[in-house]
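**Q** Each chain is listed here by its residues.
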Amino acid sequence: MKGIRYFWGKSRLILIMFSYLIFLSGCWSSRELDELGIAVALGIDKTEEGTYSLTVQIINPSEIAAEKATTRPPVTLYKAEGETLFEAIRKMTKKAPRKIYFSQLRLLILGQSLAEEGVLPALDLLYRDAEFRTSFFMTIAKNASVEDILSVITPYEKIPANKIMDTITAAQENWAATEGVYIDQVISDIRSTGKSPVMTGILLNGSEDTGNSIKNIESPDAPTRLEIDHLSVFKDDRMLGWLNEAESKGYNYIVGNVKNTLINFPCKEEGSGKIGVEILRSNAAIDAKLKKGKPVISVEIEAEGNVGEVECQIDLSKPETLQMIEQKTEGDIKDKMQLSVKAAQEVYKSDIFGFGNAINRKEPNYWKKVEKEWNAHFVETDVEFDVKVNIRRKGTNVQPVQKEG
Amino acid sequence: MRRRKKKTTNNNDNVQLDSRLAKQIDESLEGNLTVIKKTLGDASDLVIRRMTLNSSNKIKGAVLFIDGLVDKTSVQDFILEVMMVEVPPENISLAHVYDEIKDSALPIGEITETNKLDDLLLRLLSGETLVLLDNETRALSASTKGWKDRGVQETTSESVIRGPKESFTETLRTNTALVRRKIKNPNLRIDAKKIGKVTATDVAVLYIEGTADESVVKELHARLDKIDIDGVLESGYIEEFIEDPPYSPFPKVYYTERPDSIAGGLLEGKVAIVTDGTPNVLLVPALFVNFMQSSEDYYQRYDIGTFIRLLRLFSFVIALFMPSLYIAITTFHQEMIPAPLLINLAAQREGVPFPAFVEAVLMEATFEILREAGVRLPKAVGSAVSIVGALVLGESAVQAGLVSPAMVIVVALTAISSFVFPSYNMAIPVRMLRFSLMILAATFGLYGIILGLIALVLHLCSLQSFGVPYMSPFAPLVPKDQKDVLVRFPHWGLLSRPSATAHKNEKRTSGRNQPKEGSK
Numbered sequence: 001m002k003g004i005r006y007f008w009g010k011s012r013l014i015l016i017m018f019s020y021l022i023f024l025s026g027c028w029s030s031r032e033l034d035e036l037g038i039a040v041a042l043g044i045d046k047t048e049e050g051t052y053s054l055t056v057q058i059i060n061p062s063e064i065a066a067e068k069a070t071t072r073p074p075v076t077l078y079k080a081e082g083e084t085l086f087e088a089i090r091k092m093t094k095k096a097p098r099k100i101y102f103s104q105l106r107l108l109i110l111g112q113s114l115a116e117e118g119v120l121p122a123l124d125l126l127y128r129d130a131e132f133r134t135s136f137f138m139t140i141a142k143n144a145s146v147e148d149i150l151s152v153i154t155p156y157e158k159i160p161a162n163k164i165m166d167t168i169t170a171a172q173e174n175w176a177a178t179e180g181v182y183i184d185q186v187i188s189d190i191r192s193t194g195k196s197p198v199m200t201g202i203l204l205n206g207s208e209d210t211g212n213s214i215k216n217i218e219s220p221d222a223p224t225r226l227e228i229d230h231l232s233v234f235k236d237d238r239m240l241g242w243l244n245e246a247e248s249k250g251y252n253y254i255v256g257n258v259k260n261t262l263i264n265f266p267c268k269e270e271g272s273g274k275i276g277v278e279i280l281r282s283n284a285a286i287d288a289k290l291k292k293g294k295p296v297i298s299v300e301i302e303a304e305g306n307v308g309e310v311e312c313q314i315d316l317s318k319p320e321t322l323q324m325i326e327q328k329t330e331g332d333i334k335d336k337m338q339l340s341v342k343a344a345q346e347v348y349k350s351d352i353f354g355f356g357n358a359i360n361r362k363e364p365n366y367w368k369k370v371e372k373e374w375n376a377h378f379v380e381t382d383v384e385f386d387v388k389v390n391i392r393r394k395g396t397n398v399q400p401v402q403k404e405g
Numbered sequence: 001m002r003r004r005k006k007k008t009t010n011n012n013d014n015v016q017l018d019s020r021l022a023k024q025i026d027e028s029l030e031g032n033l034t035v036i037k038k039t040l041g042d043a044s045d046l047v048i049r050r051m052t053l054n055s056s057n058k059i060k061g062a063v064l065f066i067d068g069l070v071d072k073t074s075v076q077d078f079i080l081e082v083m084m085v086e087v088p089p090e091n092i093s094l095a096h097v098y099d100e101i102k103d104s105a106l107p108i109g110e111i112t113e114t115n116k117l118d119d120l121l122l123r124l125l126s127g128e129t130l131v132l133l134d135n136e137t138r139a140l141s142a143s144t145k146g147w148k149d150r151g152v153q154e155t156t157s158e159s160v161i162r163g164p165k166e167s168f169t170e171t172l173r174t175n176t177a178l179v180r181r182k183i184k185n186p187n188l189r190i191d192a193k194k195i196g197k198v199t200a201t202d203v204a205v206l207y208i209e210g211t212a213d214e215s216v217v218k219e220l221h222a223r224l225d226k227i228d229i230d231g232v233l234e235s236g237y238i239e240e241f242i243e244d245p246p247y248s249p250f251p252k253v254y255y256t257e258r259p260d261s262i263a264g265g266l267l268e269g270k271v272a273i274v275t276d277g278t279p280n281v282l283l284v285p286a287l288f289v290n291f292m293q294s295s296e297d298y299y300q301r302y303d304i305g306t307f308i309r310l311l312r313l314f315s316f317v318i319a320l321f322m323p324s325l326y327i328a329i330t331t332f333h334q335e336m337i338p339a340p341l342l343i344n345l346a347a348q349r350e351g352v353p354f355p356a357f358v359e360a361v362l363m364e365a366t367f368e369i370l371r372e373a374g375v376r377l378p379k380a381v382g383s384a385v386s387i388v389g390a391l392v393l394g395e396s397a398v399q400a401g402l403v404s405p406a407m408v409i410v411v412a413l414t415a416i417s418s419f420v421f422p423s424y425n426m427a428i429p430v431r432m433l434r435f436s437l438m439i440l441a442a443t444f445g446l447y448g449i450i451l452g453l454i455a456l457v458l459h460l461c462s463l464q465s466f467g468v469p470y471m472s473p474f475a476p477l478v479p480k481d482q483k484d485v486l487v488r489f490p491h492w493g494l495l496s497r498p499s500a501t502a503h504k505n506e507k508r509t510s511g512r513n514q515p516k517e518g519s520k
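Chains as they are written, first to last, in UniProt numbering: chain A, 1 to 405; chain B, 1 to 520.
Calculated from the structure, these hints are not laboratory results. Glycine included, C-beta positions come from ideal geometry on N, C-alpha and C. The reader is advised that the hints may include incorrect statements.
A short list of chain A residues far from chain B (calculated; beta carbon distances all over 12 Å) [unchecked claim]:
| no. | residue |
| --- | --- |
| 1 | R31 |
| 2 | R133 |
| 3 | N365 |
Just so you have them, the derived chain A footprint on chain B, three or more residues with Cβ under 8 Å [unchecked claim]:
| no. | segment |
| --- | --- |
| 4 | 160-166 |
| 5 | 344-354 |
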């Protein structure tokens, strides 16, 4: 008896406190792994009636983890339409056997028509709902419908969304003509007056009829493939058009996105063979100044490179040769940046580089005056470039293989 | 409570004995022998050797002992032979025979004189040999204890790679001797007690005077004296009586069968309780960290000692939280799992009919059953259990689609981790709390686990062992004692004893005995 009373006396408070917890649950709904439809890619587009059309790519875990090849596809698509995105997602339960789970989303593909109309309304749910993480790449379907892109079965990587995500990451790190952007970055760029967003595009290469069948991956050279394209230019939340490869690279140099890329240029005159320089590191600094009441942006690039490939007979042991290579590399980088700025200023009239933000940081008083009509000022802003390239290494060969003597 | 007390007094097994025996020894030898014989119910192992002493006045006497509890050769050579052949010299007066025997005849180390029958009887039953004389109200009791025991053998439950292999035995005297051999210090105190109204079990309290906290010793004596029980068959009986708050799954008394662990504890100012009849010796006060330490930590080099201690703490966390974390993350927080792993886990769970919680409880329960089966089985059958466990339950359960392979890994890792503790004592609360945490995880997810953890930490911090905070030196934090908790400093760096138990005599070394590099 005494024991029970002792126990009750000591722990009554704790028991009462614990009983409150039942009403305080945070994440109540427990779900087993086999009740989840794990979505890896989400495609959003507008139909002609103006409703949202939603395409979700859901993985079939047992097909992906299967040790033996199966004839069932590794992913399944579900589509639904709705007045709002949320409605479309909930309507999807009419077709999908499981409630769709979005936390592991790798990729969001926006249809071109939606992108041209404005993406911001569609992004609210994705940013508001607790289930969505912000770590998925935002892309634009460039030459095909969202649905066609999502139904391509990809070789080598079983999950198409993973394939695209990995390709974006690899291309961004090693080629630098694209940029994987996350939703928080896009939203903050849209809301910022001093920078406009960019997004990478996805291309469908080949026929969509073969792409959506398992036959697509039965031959070593898959007839239909997904490819990462260059960057799209936005103004506010509306897509205006596309940058080409050189302009995309120029963009990445300016914003400091280049980790590793390659630059080619002819040795001496045209047709004499080329030299390839591998850029290993690049730092960009955007600075803003006011000159005679007008803003001037200066972009400073400091890059480090290797001689990667030499097709002609030059003497790499001479310092002058290396200087020449450095100068040409600098010239190439500068050209690309100029092209990029030119496209932004003349064709799209959209400040994708964040020059406005640079002015805001340096000259906040001036910025307050121009903030409202920044795009008009942007078009007329002078941009100066200062590129410094250091060639550090020449690979395992000092001289080109063609070099005589 | 009141009712129970009344009942105990009525049922007191000693009461009837006392009424017959409280009295003094009678003058008549035959009378005494009859009473003893009657009290023992004509026990078949009671040996009574009546004799007439080899003297002119024909003094009658008797030698009594319990067969099996005495060393027969010493009874034969040093008592019977002396009494019947040598003692006493021819013309001794009757009155001096007793003193003659007591003072100069018996070549036995320990001789006690008593005139109380109950004392006499207790001594007889403890293995002493009684010498009674006619017309004499005093009796002699010679210590001739000697029975078959196991001998000092290698420890089976706490084996080490480096360090002494000997372990305590079931004999109290052997055990105290094992400790005394390690601590040759006059301040080592060995206080004797008898606990248990029926068993009258010998208990010894060991401590180093001047190092041990007197209040702890005093408190321990008080608690031991308060024990009211019929029998003490193992130190576990005593442990439950002297434990601080009785309702806590965590052990507050350390036990070991390694004499070196006890000696180490005594040096740190702790108090040991040796119980006759068991090799498990208790040590108080016991702190949480003591259960994470092994005596081998001090025998191996300090770097590996530190590494192993951190490893133990890590496995403590795994053993306690692994299954509940798995349940919480896979059923509530799937977004925390990296995508490839999630896909893998999801694929494994396809077709498993039970929720993760049921799956986990099923596997954990199976493991506990297997473990219990393995402990009780004779060694020859033991391997059968491991086959059943590993093959039939592990492999086949996965193949049959009853559990997912990941769950088998989780359970296996948990099980292995729970074997890392040097103290079996501490593995027990971990085993039990694991299930409560699994329930919390299945209902509240990580939120529940954190609540469980908070409750656990609060509980641990509220515990005390003989007035010493259980979580010291973490709570309260004693910075200088951290040298020998999670890490072990080299021996020359362990300048002081832990202040929680040895605050009276903290200085361990004078310091400045760090080996110098390159000194000759």
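**Q** If a hint holds in the structure, say so; if it doesn't, say that too.
**A** Quick rundown of the hints versus the structure:
Non-interface status of A:R31 relative to chain B is broken: a Cβ of that chain comes within 12 Å, the nearest being about 6 Å off. Residue-level check failed: A:R133 sits 6 Å from the nearest beta carbon of chain B, not beyond 12 Å. Every CB of chain B is more than 12 Å from the CB of A:N365 (nearest about 44 Å), matching its label as outside the interface. Only when three residues or more bring their CB closer than 8 Å to a CB of chain A does the claim for the segment 160-166 of chain B stand; here the count is 0, and the claim is violated.
Check result for the segment 344-354 of chain B against chain A: holds, 9 residues qualifying (beta carbon to beta carbon below 8 Å, three or more required).
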